[in-house]
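There are 2 protein chains.
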Amino acid sequence: MFMDSAIKLAESVKDEIPVGAVIVKDENIIAAASNRKETENDVTSHAEILVIREAEKKLKNWRLKDCDMYVTLEPCPMCAWAIINAGIRCVYFGSYDVNYGALGSKIDLRKIANSKLKVYGGISEKKCDSILINYFKNMRNKS
Amino acid sequence: MFMDSAIKLAESVKDEIPVGAVIVKDENIIAAASNRKETENDVTSHAEILVIREAEKKLKNWRLKDCDMYVTLEPCPMCAWAIINAGIRCVYFGSYDVNYGALGSKIDLRKIANSKLKVYGGISEKKCDSILINYFKNMRNKS
Chain A
1 MFMDSAIKLA
11 ESVKDEIPVG
21 AVIVKDENII
31 AAASNRKETE
41 NDVTSHAEIL
51 VIREAEKKLK
61 NWRLKDCDMY
71 VTLEPCPMCA
81 WAIINAGIRC
91 VYFGSYDVNY
101 GALGSKIDLR
111 KIANSKLKVY
121 GGISEKKCDS
131 ILINYFKNMR
141 NKS
Chain B
1 MFMDSAIKLA
11 ESVKDEIPVG
21 AVIVKDENII
31 AAASNRKETE
41 NDVTSHAEIL
51 VIREAEKKLK
61 NWRLKDCDMY
71 VTLEPCPMCA
81 WAIINAGIRC
91 VYFGSYDVNY
101 GALGSKIDLR
111 KIANSKLKVY
121 GGISEKKCDS
131 ILINYFKNMR
141 NKS
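Protein sequence lines correspond, in order, to chains A and B.
Be aware that the first sequence starts at 1, since it is given in the numbering used here, and climbs by one per residue.
Be aware that the second sequence starts at 1, since it is given in the numbering used here, and climbs by one per residue.
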């Protein structure tokens, strides 16, 4: 299952918020990335932005037609807008983000864009939640 | 005036939506970029994202402390969220974007982020508007 690949990417993250994402086209993973904001010292290096840029390079097109994204956490407004503008067909996400989730939880940017993007949240939710919970628990113990 | 530099960048854009942006720290421009979405075939290559990434490299930090952005068009949700998360101090923008502007016109993402970002819109507004209007006029004539 494609969410398992995104989960493995999230689990591979060290010392920053563990999020993983893959883009799937024709039943194949064409791009994969994890959050690298701290590693790359770049506020835009969320997993979703990185995986979109990788898929664009592969397809030589910013229009990611017939592509779906699997991501372990609900996208923030930055990532949600990039996903919508890239014309991604469907997003499957794991954990809901009640604070900053921009595909339904806090706001739904699809309404502003009048977008047809399909969204399914709560995929492998318990597993995705546990990855984030463990990360923040470890952070608190360290500090 | 720093907006003039952003305007010159917007005017230099060929064959895509003309937007220019600079980041200023201690009264100096530390990064400058124009929209390169079509040129780079990357949906994330808006002027604001590119100029943030350049400033991060220069400062070796994703926290753009005491930095201000001058941009010819009100940022979209993707760019507004990146600006907020980078901790930029103040955004000065030219044209208002009633369709997708995410710093007050369509929505205000500062409310979701509980952000202290200061925003001043309508700087050199007529000039910034005319650059966009001319671009879309030429596009219509071509098609």
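Check before you lean on any hint, since a few could be wrong.
Heads up, the list lumps identical chains together, so a pair's fine if it works in one copy or across two of them.
[Claimed, not checked] No farther apart than 30 Å at their CA atoms in a straight line, the calculated lysine-lysine pairs in the BS3-like style are these:
id : residue 1 : residue 2
1  : 8         : 106
2  : 116       : 25
3  : 137       : 127
4  : 116       : 137
5  : 137       : 118
6  : 142       : 60
7  : 142       : 116
8  : 137       : 25
9  : 142       : 118
10 : 37        : 118
11 : 142       : 25
12 : 58        : 126
13 : 8         : 126
14 : 111       : 137
15 : 60        : 137
16 : 37        : 58
17 : 137       : 58
18 : 127       : 60
19 : 60        : 25
20 : 57        : 142
21 : 118       : 25
Derived from the structure by calculation, the hints contain no laboratory data.
Status of the hints after comparison with the structure:
1. Within a single copy, residue 8 and residue 106 get their C-alpha atoms as close as 26 Å, which meets the 30 Å cut-off; across copies the closest is 37 Å, which misses it.
2. In this homomeric assembly, residue 116 and residue 25 come within 30 Å of each other (Cα to Cα) only inside a single copy, at 18 Å, whereas the closest approach across copies is 40 Å.
3. For the homomeric pair residue 137 and residue 127, the shortest alpha-carbon distance inside one copy (15 Å) is at most 30 Å, but the shortest distance between copies (52 Å) is not.
4. Taking the closest pair of Cα atoms, residue 116 and residue 137 come within 30 Å of each other only across two copies (28 Å); inside a single copy the shortest separation is 37 Å, beyond that limit.
5. When the C-alpha separation of residue 137 and residue 118 is checked against a cutoff of 30 Å, the pair qualifies neither within a copy, at 33 Å, nor between copies, at 34 Å.
6. Taking identical chains as interchangeable, the C-alpha atoms of residue 142 and residue 60 lie at most 30 Å apart only when they sit on different chains, with a minimum of 25 Å there against 43 Å within one chain.
7. For the homomeric pair residue 142 and residue 116, the shortest alpha-carbon distance between copies (29 Å) is at most 30 Å, but the shortest distance inside one copy (43 Å) is not.
8. In this assembly of identical chains, the alpha carbons of residue 137 and residue 25 never lie at most 30 Å apart, being 36 Å within a copy and 36 Å across copies at closest.
9. In the homo-oligomer, the alpha carbons of residue 142 and residue 118 never lie at most 30 Å apart, since the shortest distance is 39 Å inside one protomer and 34 Å across protomers.
10. Taking the shortest Cα distances, residue 37 and residue 118 sit within 30 Å of each other both inside one copy (27 Å) and across copies (24 Å).
11. In this assembly of identical chains, residue 142 and residue 25 lie within 30 Å of each other by CA distance neither inside one copy nor across copies; the values are 40 Å within and 34 Å between.
12. Taking CA atoms no more than 30 Å apart as the test, residue 58 paired with residue 126 passes in neither setting, with 32 Å inside one copy and 40 Å between copies.
13. Taking the shortest alpha-carbon separations for residue 8 and residue 126, only the intra-copy value of 14 Å comes in at or below 30 Å, while the best inter-copy value is 51 Å.
14. Proximity of residue 111 to residue 137 under the C-alpha cut-off of 30 Å is restricted to the inter-copy arrangement: shortest distance 28 Å between copies versus 35 Å within a copy.
15. Taking identical chains as interchangeable, the C-alpha atoms of residue 60 and residue 137 lie at most 30 Å apart only when they sit on different chains, with a minimum of 28 Å there against 41 Å within one chain.
16. Taking CA atoms no more than 30 Å apart as the test, residue 37 paired with residue 58 passes in both settings, with 22 Å inside one copy and 16 Å between copies.
17. Taking the closest pair of Cα atoms, residue 137 and residue 58 never come within 30 Å of each other, the shortest separation being 37 Å inside a single copy and 33 Å across copies.
18. Proximity of residue 127 and residue 60 under a CA criterion of 30 Å is satisfied in neither setting, with 34 Å inside one chain copy and 34 Å between copies.
19. Proximity of residue 60 and residue 25 under a CA criterion of 30 Å is satisfied intra-copy only: 14 Å inside one chain copy versus 36 Å between copies.
20. Taking the shortest Cα distances, residue 57 and residue 142 sit within 30 Å of each other only across copies (28 Å), while inside one copy they are farther apart (39 Å).
21. When the C-alpha separation of residue 118 and residue 25 is checked against a cutoff of 30 Å, the pair qualifies only within one copy, where the shortest distance is 15 Å, while the shortest distance between copies is 41 Å.
Of the numbered hints given earlier, the model fails hints 5, 8, 9, 11, 12, 17, 18; all others are met.
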